[in-house]
Every structure is written in structure tokens, then in C-alpha cells.
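Sequences listed follow chains A and B, in order. Oh and the first sequence: position 208 is 207 in numbering that gives the first Met the number 0, straight run, nothing missing. Oh and the second sequence: position 162 is 161 in numbering that gives the first Met the number 0, straight run, nothing missing.
Bear in mind the hints are in silico, worked out from the structure with no lab data behind them. Only true hints are included.
Simulated DEER-style distance windows between Cβ atoms: (1) Phe22/B <-> Ala115/A: 14 to 22 Å; (2) Thr96/A <-> Val125/B: 38 to 46 Å; (3) Gly57/A <-> Leu132/B: 29 to 37 Å; (4) Ile260/A <-> Phe89/B: 47 to 55 Å; (5) Val126/B <-> Val10/A: 25 to 33 Å; (6) Ser206/A <-> Leu118/B: 32 to 40 Å; (7) Val125/B <-> Tyr257/A: 22 to 30 Å; (8) His95/B <-> Gly239/A: 46 to 54 Å; (9) Gln147/B <-> Val10/A: 30 to 38 Å; (10) Val126/B <-> Ser112/A: 36 to 44 Å; (11) Ser256/A <-> Gly162/B: 41 to 49 Å; (12) Leu6/B <-> Tyr257/A: 25 to 33 Å.
The structure presented is a predicted model; accordingly, all values stated were derived computationally and were not measured. Ideal placement from N, C-alpha and C gives every residue a C-beta, glycine not left out.
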Amino acid sequence: MTDRRTLTLLVTLCVGQVLLISAQVQSREGLSLFQVAAFDAFAGVQRVTGGVTDTIRGIWGSYFGLRGVARENAALRTQLLEMAAELQQQRAIAAQTRALEDLLGLEPQVSVSTLAARVIAGNVSPGTLTVAIDRGTADGVEPDMAVLGAAGVVGRVISPVARGAATVQLLIDSNAAVAVVFERSKAGGLAVGGAADGALVGEFVPSLADVQVGETVMTSGQDGIYPAGFLVGTVERVTGAGTPNRTIRIRPATDFSYLEIVLVALTRPQTATEGGS
Amino acid sequence: MKFTSVLATVTVAVLAQVTLARFTVGGTWVFDLVLVGVVFAGLQWGPAAGLVGGTLGGMFQDLLSGQIVGVSGLAKTLVGFGAGVIGTQFVLTRAHGRSIIVAASSLVHRLLMLALTALIAQEWPVVSWGALLAELVLNTLAGLVVFQAMSALPGMVARRRAGRRASFGRRQW
Chain A
0 MTDRRTLTLL VTLCVGQVLL ISAQVQSREG LSLFQVAAFD AFAGVQRVTG GVTDTIRGIW
60 GSYFGLRGVA RENAALRTQL LEMAAELQQQ RAIAAQTRAL EDLLGLEPQV SVSTLAARVI
120 AGNVSPGTLT VAIDRGTADG VEPDMAVLGA AGVVGRVISP VARGAATVQL LIDSNAAVAV
180 VFERSKAGGL AVGGAADGAL VGEFVPSLAD VQVGETVMTS GQDGIYPAGF LVGTVERVTG
240 AGTPNRTIRI RPATDFSYLE IVLVALTRPQ TATEGGS
Chain B
0 MKFTSVLATV TVAVLAQVTL ARFTVGGTWV FDLVLVGVVF AGLQWGPAAG LVGGTLGGMF
60 QDLLSGQIVG VSGLAKTLVG FGAGVIGTQF VLTRAHGRSI IVAASSLVHR LLMLALTALI
120 AQEWPVVSWG ALLAELVLNT LAGLVVFQAM SALPGMVARR RAGRRASFGR RQW
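Please put together the full structure from these sequences, using the hints given.
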């Protein structure tokens with residue numbers, strides 16, 4: 000069967016790992032330095048593999064996947080015109096808002112300064128929804144900074160953060176949550192990840208709030224991580240409306256199936272308690 | 000030599016995992032190529048190689064994903080050892096026979112991970128049975144491809160060598 004030496008090795012390794020786990024669970028500190036060093040060392044390799052896959056994708060997209068480009072171009076031109084018109088409208092609204100803020104003597108909201116980062120690797124351990132980005136402490140990235148995408152909120156930076164790379168916990172991870180506000184009903188709450196189909200679940204939403212399907216869900220900035228006013232998703236389904244067991248399912252705005260470039264929000268939102276207002 | 004081979008297998012598996020996982024983030028297509036690598040090491044080189052490969056691969060995953068270090072390591076150590084013991088008890092030469100071990104290992108590994116997570120968090124985590132089934136199928140398919148390729152490789156190399164020798168002989172003539 001199995002020799003004594005192998006059994007001794009098995010017992011030693013298992014006991015060692017159990018002790019390691021219990022030490023981390025008790026202290027909650029973990030092996031942060033060791034983790035950062037390992038993550039930093041592996042980030043270079045991840046950057047290379049990410050670069051290789053991007054090059055292959057680029058070659059495929061530039062030379063082999065050109066069918067229907069003319070049609071797509073025409074559609075994009077139309078979309079650009081529509082966006083330009085929308086931008087004009089948004090500028091007008093922003094100018095109005097600024098004028099109203101001046102009128103009411105309100106302090107204007109600080110705009111969010113961001114840093115573009117490239118996704119270099121996916122989640123190495125199945126079950127945790129994280130990605131690695133090519134920006135780290137050298138670029139001013141710290142844990143608990145919000146990460147945004149073109150469509151909406153992507154997630155937040157978590158430990159370990161190395162010099163040239165960082166880990167991003169996606170919004171759909173079972174341990175992720177964001178403070179939100181439902182745009183139409185103005186109800187506040189939390190959008191929590193972890194649903195099997197990649198949806199978010201609305202929690203701590205007042206049971207009397209009239210949340211409806213199709214309603215836009217934005218960040219409220221109350222969690223001190225995500226800046227206010229960024230798109231989280233839209234309400235997909237409301238079950239058990241009018242009862243204390245109401246369930247609100249939110250479809251995230253970001254398509255998590257392939258992330259390439261993301262923005263790290265370098266400024267954190269001021270919560271009501273911090274700001275003193 | 001055996002340790003170097005196990006280390007190389009685990010490193011290749013981790014690299015393949017991080018590269019391919021980028022394309023399936025957030026989807027139901029969950030796979031664990033590191034586990035496939037650990038089972039491969041166990042079946043190929045025995046229980047000691049399986050448990051060392053499991054410890055290395057699991058610790059690697061824990062360190063890179065920012066999770067509690069040792070959880071995946073412990074689960075993979077046990078699975079790698081189990082795969083190695085099965086490999087020495089049964090004659091598993093065919094690729095599909097070995098991939099059944101990958102399927103069983105995937106199931107045992109996931110259950111171990113759930114149990115360890117539940118023990119640490121003091122609550123049973125949300126289980127997506129669809130994702131679990133997808134992981135089982137994808138891991139098995141990956142195992143089938145790896146075992147098929149590994150069984151075909153020696154024959155391909157021998158044929159190539161024989162072909163080269165024959166052409167060299169003709170040139171001499």
C-alpha cells in the first residue's frame with residue numbers, strides 16, 4: 000500500500016496547514032507580507048501571459064475577425080452621433096446642477112481621479128471572483144479603492160497589493176457588497192454578490208420602498224469605498240413585493256465575462272460621518 | 000527529478016489557470032486546472048508526488064487569490080494523495096479511466112473546500128450546483144485532453160525519431 004514515509008509526510012503537511020489556517024483565522028492578519036511577496040513575484044509572469052493572450056486576440060481581431068466591420072462601423076457612427084447629442088444634454092444638466100449648487104450654497108462634489116489598469120489574470124482559485132490588474136502600490140493603488148469599468152462598477156481592490164499589481168474583488172463575488180440607491184424610488188440599501196447566476200441581491204432596502212423592475216441602481220457612496228453616482232445595474236426581478244421577505248435581483252451593468260481595461264478610483268468618497276455634513 | 004517534474008506540472012497548471020480564467024470571469028464556466036495537474040502528478044508519480052503537488056498547487060492558489068493560506072492547500076493535499084493511492088492500487092493506463100479519477104477528485108475537492116469554508120466561516124456557504132457540475136465536466140474534459148496527449152506523446156516522438164533515422168539512411172545510401 001503506501002509506505003510509512005509518505006504517510007508521515009501526509010500527516011506533517013496536513014497538520015502544518017491546519018495550524019497555518021487556525022493561526023490566520025485567529026489573528027485575522029494572515030501572512031500578508033508573504034502573500035504580497037508571492038503575488039508580486041508572480042505578477043510579472045501574469046503580465047507576460049496576459050500580454051501574449053492579448054496579442055493573440057489582437058491578431059485574431061485585426062486580421063481574421065474583420066467580417067461585418069463595415070456594417071459595425073456604420074452602426075457605431077450612428078451611435079456616436081446619438082452619444083454626442085446625449086453628451087450635450089448631460090452638459091446642460093451639469094451646468095444647471097452647478098448653478099443650483101451655487102444658489103443653495105452647496106459644496107460641489109469632488110470629481111473622481113482615476114487610473115487606467117489592464118487586467119492581466121483571472122481568478123486562480125475557482126470560487127473566488129477576483130482578477131489581477133497591472134497597477135500596484137507604485138501607482139498609488141491601495142486596498143479598498145473602487146474599480147470602475149466603461150459600463151459601471153467592477154469591484155474594489157483587496158489585499159494583497161504588490162508594487163506592480165493588485166487584486167480586484169469583483170462585485171459579483173460572494174463576499175462583495177456595495178451601498179446603492181435606487182434611482183426612481185430613492186430607496187437606499189446594499190447590493191450583495193454571490194448569486195449563482197451572477198446577479199446581485201438588494202438587501203436592507205426599506206420594505207415600504209416602491210422598487211420596480213427596470214429601475215436603475217447607482218452607488219450611494221455611503222460605504223466609503225465606491226464614489227456616489229456610478230451605475231451598478233438595473234432591477235431585474237422583484238419577488239414578494241409588499242411583504243417583509245421581498246427579494247430584489249439586480250442585473251449588473253458590467254459584463255464580467257471578459258474584462259480588459261478598468262479604472263481605479265484613486266479618490267475615496269466622503270461618507271456623511273467623515274464629511275461632517 | 001520527481002520533485003522537479005511535480006513542480007513543473009504544478010507551475011504549468013497555475014499558468015494555464017490564470018491565463019484561461021481571464022476569459023471566463025463571472026460566468027458559470029468554472030474550472031480548476033491546478034487540480035487536474037495535481038491529480039496528474041498523483042497518478043503519474045504516486046501518492047507522495049500527489050500530496051506534494053497538492054500542497055504546492057493549493058498554497059500557490061491561496062497565496063495568489065488573497066484567501067486564507069492553507070485552505071485550498073489542505074484540500075488539494077488530500078485529493079492528490081488519494082489520486083496517488085488509487086493510481087497505485089488500480090492499473091489505469093487509458094486516458095478515459097484516468098479522467099474518471101479527475102471527475103471524482105473534482106467532486107471530493109469541492110466538497111472538502113465547502114466543508115473547510117463552512118468550518119472557518121461558521122456558516123454553510125452558498126452552493127451553486129450548476130457551477131459545481133460545470134467544474135466537474137470541464138475538469139474531466141481537461142484531464143481527458145492532458146492524459147490523451149501524454150499517452151500519445153511517446154509514440155509521436157518515437158515515430159519522428161524513426162522517420163528521421165530512415166531519411167538519414169537513405170541519404171547515406
